[in-house]
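Asks: Below are the chains, spelled out letter by letter.
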Amino acid sequence: MISLKNISSAAAIGAVALSCFALSAQAQGGDSNPAVSARQGQFQLMGLNIGVLGQMARGNTEYDAEAAQAAADNLLAISQINQMFHWPEGTDTESIEGTRALPAIWEEGSTVLDIWADYGAAAETLAGAAGQGLDEMRAALGPVGAACGSCHDDYRAPE
Amino acid sequence: MVRFLRLLLGLALIAALGGWIVTRPQQIDPEEVADLTGDPVHGEQVFWAAGCASCHAADEAEGEDRLLLSGGQAFASDFGTFYAPNISSDLTHGIGDWTLAQFLTALQNGVSPDGRHYYPAFPYTAYRLAERQDLADLFAYMQTLPSSDTPNVAHDVGFPFSIRRSVGAWNLLNLNDDFVVQGELSAEVVRGRYLSEALAHCGECHTPRDALGGLDRSRWLQGAPNPNGRGTIPSLTPDALTWSQAEVAAYLRDGFTPDFDVAGGHMRSVILNLANLPDADRAAIAAYLAELPPAP
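If you're matching them up, the sequences are chains H and C in order. Per our numbering, numbering through the first sequence is continuous, rising by one, with the last residue being 178. Per our numbering, numbering through the second sequence is continuous, rising by one, with the last residue being 401.
Excised from the complex, chain H in its bound form (with noise of 0.2 Å):
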């Protein structure tokens, strides 16, 4: 027979085998590491406020100065985030599931710096267009997708 006691402490035994599950879950899982949460909801609203002015770009919608123009200030805006938080040392693929951000971008020699800054100078001039005209905001866009691209060359691993 199964007394009280005995259920309880197998029910102790499944919540701290369950509790164990959980840390292991949140030390190995991507999705669980703030940091890297952090950053790559930075990269969803950037390409939420990219995809404002690329459907624009496209001609799928019509453009609106004030949209693109609120679009692309987010964009500059998400350029002047200090990044040195959502970027912790051992968050690469190589340490941790769910990234695709590659080791490289923690190594000597890296760029990801430089390129964050070429990203920054093209929201701006972005910025400075966007609300100017469909052909000024099309040719500003061209060089910040150019800045996501060249860091995705090196430093994203494919899915």
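Simulated from the structure, these hints should not be mistaken for lab results. Quick reminder that beta carbons are idealized off the backbone N, C-alpha and C, glycines included. Be aware that one or more of the hints could be misleading.
[Claimed, not checked] Computed far set for chain H versus chain C, every beta-carbon distance over 12 Å:
(1) MET103
(2) VAL163
(3) HIS171
(4) ASP173
[Stated by the list, open to error] Cβ-to-Cβ under 10 Å is the rule here; a few derived chain C residues that face chain H:
(5) VAL258
(6) ASP364
(7) GLY369
(8) SER374
Let chain H serve as the given structure and place chain C on it in line with the hints.
Replies: Here is chain C on its own, set in the frame of chain H:
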């Protein structure tokens, strides 16, 4: 018994001779192409469609730098590391002194002017399907590009692949004169097929390879391990690539995925080439991809 051995030896000799003959590098006769005159203006379109700059310009070159075809990029593979040669207009280090017949022999037979097989890291299996007029135009255009005196880097390839004649045997298995996608196709899809299979050589990365490094045409564009690095090159067949044709065409121009992520890696370089084509050509590639047989 002696007679039998002699017969066996004779057969072996014939087989070896036959092997030597069928694997020998084939040159295109200059008389065969004497009537071709290249148009450098159209050749620029062929240049961007054929993606020459992706491998023969400097790694990550942009803008005007993509026209300086000094070579030197390294391509690691299971068979060794290949280095893209200088194909600028330089008379000594580039291909400035080549004839059109030599150029066509290189692009369509994979054979150098001095009669040696190129390694198939160079996609002559794709260019073989190109129209000779287009390649003559390309040749005319490339002669207008700047010269570079950068010397070529020797490939780092181990035995037995270091024996160039082994490529002749490989060619017997892998040189095809027909397109992969067949059937009733619209004019747009036919154009897209020509761009994708003959010029842009999409299959080189997007199609899986067999043990000898040949493209597995039964799994055409169904995705493959990344040839030089980690991860996989995505499948382009309709079961996997769910983007609309307009989204594919736009991506090939501005590099943005439908959710406005940005292409990286070698695809970024491909887009820098394809962005120079007319909209109709990118739409044709998208239409072709939509016609691909889906993976089972």
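Asks: Each hint should be assessed against the structure and marked as holding or not.
Replies: Status of each hint after checking the structure:
{"no.": "1", "hint": "MET103", "in the structure": "holds, 23 Å"}
{"no.": "2", "hint": "VAL163", "in the structure": "violated, 9 Å"}
{"no.": "3", "hint": "HIS171", "in the structure": "violated, 3 Å"}
{"no.": "4", "hint": "ASP173", "in the structure": "violated, 8 Å"}
{"no.": "5", "hint": "VAL258", "in the structure": "violated, 21 Å"}
{"no.": "6", "hint": "ASP364", "in the structure": "holds, 6 Å"}
{"no.": "7", "hint": "GLY369", "in the structure": "holds, 3 Å"}
{"no.": "8", "hint": "SER374", "in the structure": "holds, 8 Å"}
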